[in-house]
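Participant: Protein chains in written order, with the numbering used here: chain A, 1 to 344; chain B, 345 to 538; chain C, 539 to 1392.
Just so you know, these hints were derived from the structure itself, not from any lab. These numbers come from a predicted model, not from an experiment. C-beta atoms are modelled at their ideal positions from N, C-alpha and C, and glycine is treated no differently. Take these hints with a grain of salt, some might be off.
What the hints assert, rightly or not - Now the stretches of chain A that chain C is said to cover, found in silico as 3 or more residues with beta-carbon under 8 Å:
(1) 56 to 66
(2) 129 to 136
(3) 145 to 158
As the list claims (entries may be wrong) - Once the Cα atoms are required to be at most 27 Å apart in a straight line, the calculated DSSO-like pairs of lysine-lysine come out as:
(4) C/K1324 - A/K294
(5) C/K891 - C/K930
(6) C/K853 - C/K984
(7) A/K203 - A/K48
(8) A/K48 - C/K1246
(9) A/K294 - C/K1319
(10) C/K1324 - C/K984
(11) C/K930 - C/K1319
(12) C/K1324 - C/K1246
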Amino acid sequence: MLRLPPFRLRTPSSLEEAARIVAGEGPAARFVAGGTDLWPNMKRRHQKADTVVSLMAVPGLAELRGDTGGNLEIGGTVTLDRVERDERVQTRFPALARAVASISSPPLRNMGTIGGNLCVDTRCTYYNQTEEWRRSIDYCLKEEGTVCWVAPGSSRCWAHTASDSAPMLAALGARVRLAGAEGEREIPLADLYRDDGIDYLGKRPEEVLSRVVVPAEADAGHCRSAFWKLRRRGSIDFAVLSVAVALWQEHGVVTRARIHLGAVASWPVGAEKAAEALVGRPVGDEEAIREAAKLVRRVATPMDNTDFLAQWRGVMAERYAESALREASGLEVTGLAPNHRLVG
Amino acid sequence: MSRAVTATLRVNGEERTVAFPGHHTLLEVLREECALTGTKHGCELGECGACTVLVDGRPVLSCLTLACQHEGREIETVEGLADGNRLGPLQVAFADLGAAQCGYCTPGILMAAEAMLREQPRPSRERIAEQLSGNLCRCTGYLKIVEAVEWAAAVRRGEDAGPPPEILFGHPEPGRPGGDAPGRRPSETASSNT
Amino acid sequence: MNDENRSPADAAADAADTSPSSAGRYIGAPFRRVDGRAKVTGDTRFADDLVFPRMVFVKLVRSTVPHARVGAIDFSAAREVPGYLGHLVGDDLPIPFGILPVSQDEHALALDKVRFVGDPVAAVAATTEDAATEAALAVGVEYEQLATIASLEEALATPEPRIHELERSEGNVHKAVSYRFGDLEAGLAEADLFLDDLFYYEGNTHLAMEQHACVAVPEDDDRVTLYSSTQTPHYVHRALTRVLGLPASRIRVVATSNGGGFGGKSDPFSHEMVAAKMALVLGRPVKVVLTREEVFYCHRGRHPVLMSQRTGFTKDGRITAQHLKTVLDGGAYGSYGVASTYYTGALQTVTYKLPRYAFDGVRTFTNKPPCGPKRGHGTPQPRFAWEVQLDKAAHRLGIDPAELRLRNLEEPDAVTANYLQLGTIGLRRCIEAVVEGSGWRERYGKLPEGRGLGLACGSYLCGAGLPIYWNHMPHSGVQLQLDRSGGVAVFCGETEIGQGSDSVLAALVADVLGIELGDIRLCVADTDLTPVDLGSYSSRVTLMMGNAAIQAAERARELVAQAAGDALEVPVSRLVFADRRVFDAETPADGMTFQEAVILAEARFGTLGTTGSYTPSRNPARYRGSGVGSSPTYSYSAAVLEVEVDPLTGLYRPAHVWIAHDIGRSLNPVLVMGQVEGSVYMGLGEAMMEEQVFRRLPPSRSSALVHKMPSLLEYKSPTFHDMPPVTTYLIEDPDPAGPMGAKEVGQGPLLPIMPALSNAIFDAVGARVDQVPIHPHMVLKALSAKDRRYGPRAFPEVDFGPPLHVPTPAEGGDGRAIDDPRHRRTHGIRSADGTMTTREEALRAQHAAGLTTG
Ligand SMILES: Cc1cc2nc3c(=O)[nH]c(=O)nc-3n(C[C@H](O)[C@H](O)[C@H](O)COP(=O)(O)OP(=O)(O)OC[C@H]3O[C@@H](n4cnc5c(N)ncnc54)[C@H](O)[C@@H]3O)c2cc1C
Ligand code: SF4
Ligand code: FES
Ligand code: FES
């Protein structure tokens, strides 16, 4: 059996304590919530820790509530399964429900948390491998090595963002709360990420993602959203591409749009130009949608570090962007739709 | 660093106090400390579902959770499914329909199905497929598994519906008289040893 | 024919007037499998579930380089790991082994060279698996790297360095074969249409859910028992005997229930040798459980094969001749590869009349895990080529693809151009069933753009006609012991891998004796206690073990009948065995319980035991290499697959599969269906997504050549959501060679699936993908290609060696090659372990070992 290396488990009962432990121990300490990302990474030994700090006993972190002004607040350790099944999420933020329902598989969603999903490590098929396998390529830039095998001439890591909720929440304009040793701050969720496969989170290591705030203005009453995810199989697989869109309109004209992509860059990259191309155009203007989809393809940088041919994933970025925009605009969608199931 | 911990786990309604290294997973402790080897493993990375057990009634991959975090919780494994020596309806259905071939994925799938049927006594096919979709099976092609779950769900609801004959005998050969095989139910032929 | 060779059907016919009869309740009924209960309670003990007092753990240290001479191995850091107990290196187990007598090319631990990333180099033992893992990671190995070979093309083009220094071949060619069955040119000259196509079939692996595991238990000074998840305990026993240098009688191999096999557990493996050796060294039970990644390194899966197929057709669709060339990427070791090479050509002749046939095959060595037998062993690749090319021919000729196949169907009991003796053929009914069921006639070619139907067929062996090592002993043996309890103990070397062989064994014996499954106790797959059965491979078990079981049971029934007949004063021929009773057929009330009858028999004959065995009869071929492909009979299948294709993206989704399988007779229909559905599933996996592929890093920076994705996440195996609905038809047409008429079902139904998908995609969007797996980008590329095709575009220059010319039966041939200098009958030499070799080979081996000078 592939086993975990030994470590010390700490189970603090407050955010401050959790942050203090990690701040004190530095890189030798890591948080864990559901563990569905950390434990596999530690078993394969590309993430290491002497101390693991579980967040699951921190009171209040597992609350999900529709709070002030109709915002939805999801605590950091709320499981994906609870998000997906929550009636408020299903009715007010159906694309978010769909994005979360598309993550991994049912038992993993029952274990994995929204905080863990937003902080999930970037992925690459040269990296998500065992210690022995990585020895045989002499490691890579992201962990212990000196070369990025995906782009050997490059000085950065191109590992791709793996979270399915991140592009969707970014498109909806969500904000996150970060709790450090000296208190909490709130930032736009999109600012949590950096375009770097190694240093992919724009937060300090000891900061706990304590809450996600999904704004009322992004709910189904105000905004039309859609989420399309491409993966090989109907379950278990990570995205090799996801497209999250949110459109706001007045009198049939798009007033604001956000499009974020998953798995085709190191961060949930926003396609601002594509979004702009829609603004001022009628909702459901097929020409505008096609234009926007072409612009989406430009920001996608699929690399040969996951399933499927990278170039084809680029082609698919345009197709899926078109499909997601059509769906959000209420147009008929042709072709094979992905199976993101939300089954009662 | 790998300190041994002592924990009292409640497994299949029985408490047992066991000592194990703190970094050991629930999978390892169930199999190695509790001698409950019914729970299987195929990847130890969350990718196959073979290690599925129930924690407080919900499916959990025991390879990706620490045993020491499960004190005070209700753990259920395949060994707890039967009522004494009597098999439960899911077990009967899996055994009779050949939904277990090599049987290696079976404990995990039974537990995932058990969790689903407790919440949803009349699942659609789509729902069964979704709820079991974290569990890989290489032998059956899944069809007999879905059929077994449907049949077990009916039995649990108190409906005495046997599986249709084409599940047991194949579809009647088109255009051939007598291709339509007699629909004997497995319960009549072979369930005497439940 | 000696007695052992007679089929039970013959025996029954001869003895019809003197034998008692039986009325069983199981055969043909969907009874619960005998291991069903244990499998749903968690009671089934797989190898990793076994625990013994004082048991310790071993981890293998595997090569991290693809091709190198092994230098110094440093255990100093490993020794510091608390719990460390010891280690083994290549010199501790220097004797080579391998499944085929001609390919004894593996060492338990590398002796001099490593040949792929994952090749075992050393082994460490420790008190816990955690400690063994840490110690293994701490072992340092020095390597002197050699150039690497990554593909079959590279292997053909790169004679040096050689991965193996074989005497009989050159460069990195492992085995080359070449045959001309009949006058190919004459056949091609008759053709009105001539198709010349290239196909490529990517490698893939078995991916049994259970990772290989074993426990070795030392029993005495020089005795060891190995419990292992193996499909072939008998061959593991033979390999252990060689490698440990112990008498075979001191080694016991017990196959535990396999958590899936599919051919992946049919070789003897390093970890088994190492566990046994370590147990003898430490004097403690030793467990080895492979990680999922290590299972990918054991591999022995589907060979990547590049194929060139030229076939001639007349205007009315008759096939005139075919020339098939295959190049196999064998990976780093021989394994079953020689047989696999022959299999890529052997079964092209058994479905359709193929009057003249030429086959050239070559297997190459590459620095990757060894390929071997996976479900369908060597035949899915050429079957894909055959069935896709037939679809192309149908379009070119304007004949319906189903009709084209029906016009060419091979005749029952025919002898093919390559001298395979066929039995019953249920293929016509199979095709008709799926055509009817799918609405083919109304829908094929007429569905809206993006939807299509594809049809394909297949055929497979019901057991290999020859054993893996040449000998004259039975392929399967069954022994019964009847006792006064009325229970029957059944001993047989067969191995349950999920296919249901235990249930077939128990039910056949129960039905012949008219008793219940509950009265049967099985003792199987134990080389100390059970008569040899060669193993669960080549779909041989039901047929061979089944016939042996029937023979043993009929002999037991005879003894019991004599005693009961005398007591009842009824002639034996009037006795019926049914419902756990023995009674007079004319007055059923006159009888006794089975138990009473056994007691009478025991009193009369002493302790009651009988045996049965099965040896296939000889096939008509007499040319070199003709052993591969022969079988007592063949199963047939046909499938129609419906697909939805999105022409904008190349994404596609199978919507439904109709499959019909010629089973001869369903011994247990629900288990047969399980095999059919499981085969469809595995075929879809291969067709759509599964591939065992490798990465080479930029050579200027690294010599790495690694498995791209040795995990269950990245090696894509279809989930519940990826499986379409399947309509299964079991076509019954009892075959006299099979036990109660049964044929195989474990492998055959997989064969039509891959070509059916490719053909369906063509019907849906008019583009051909001549390659497997079919990735969506391939569909998209085919759609924009000038020739609307995606697939290989070049076939390398290959020297297949001088062909062997074998006149076909129609040409008056007698099964011999006309230009084989060795077709004169050579007598074999039997070695102490029963292995037969030709005199020539034996002399060469002795010579090589320096034992003789002549
Ligand atoms: C087979 C498999 C398939 C998967 N498929 C998908 C998929 O399709 N889509 C997808 O998005 N993910 C997928 N995942 C990844 C993972 O399961 C999910 O992302 C999950 O939501 C992670 O949550 P967790 O609580 O288990 O994270 P953990 O493993 O506990 O943590 C993940 C990371 O986040 C950090 N962290 C966790 N919580 C916090 C917090 N509150 N504040 C700060 N840092 C925190 C941890 O230190 C760790 O680095 C898959 C995983 C597996 C094993
Ligand atoms: S992208 Fe490059 S550096 Fe990053 S994980 Fe992959 S190989 Fe390593
Ligand atoms: S062993 Fe836990 S999911 Fe595979
Ligand atoms: S029954 Fe063998 S893996 Fe499912």
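Participant: Please go over all the hints and tell whether each is borne out by the structure.
Facilitator: How the hints compare with the structure:
1. 56 to 66: Answer violated; 0 residues pass the 8 Å Cβ test.
2. 129 to 136: Holds: 7 residues of the region 129 to 136 of chain A have a Cβ under 8 Å from chain C.
3. 145 to 158: As far as the region 145 to 158 of chain A goes, the hint holds, because 3 residues have Cβ atoms under 8 Å from chain C.
4. C/K1324 - A/K294: Holds. C/K1324 to A/K294 sits at ~25 Å (cutoff 27 Å).
5. C/K891 - C/K930: holds (18 Å)
6. C/K853 - C/K984: Distance of about 24 Å is within 27 Å: holds.
7. A/K203 - A/K48: holds (19 Å)
8. A/K48 - C/K1246: holds (23 Å)
9. A/K294 - C/K1319: holds (20 Å)
10. C/K1324 - C/K984: holds (24 Å)
11. C/K930 - C/K1319: holds (19 Å)
12. C/K1324 - C/K1246: Since the Cα atoms of C/K1324 and C/K1246 sit roughly 32 Å apart, the hinted pair is violated (cutoff 27 Å).
Of the hints listed earlier, those the structure fails to meet are numbers 1, 12, in rising order.
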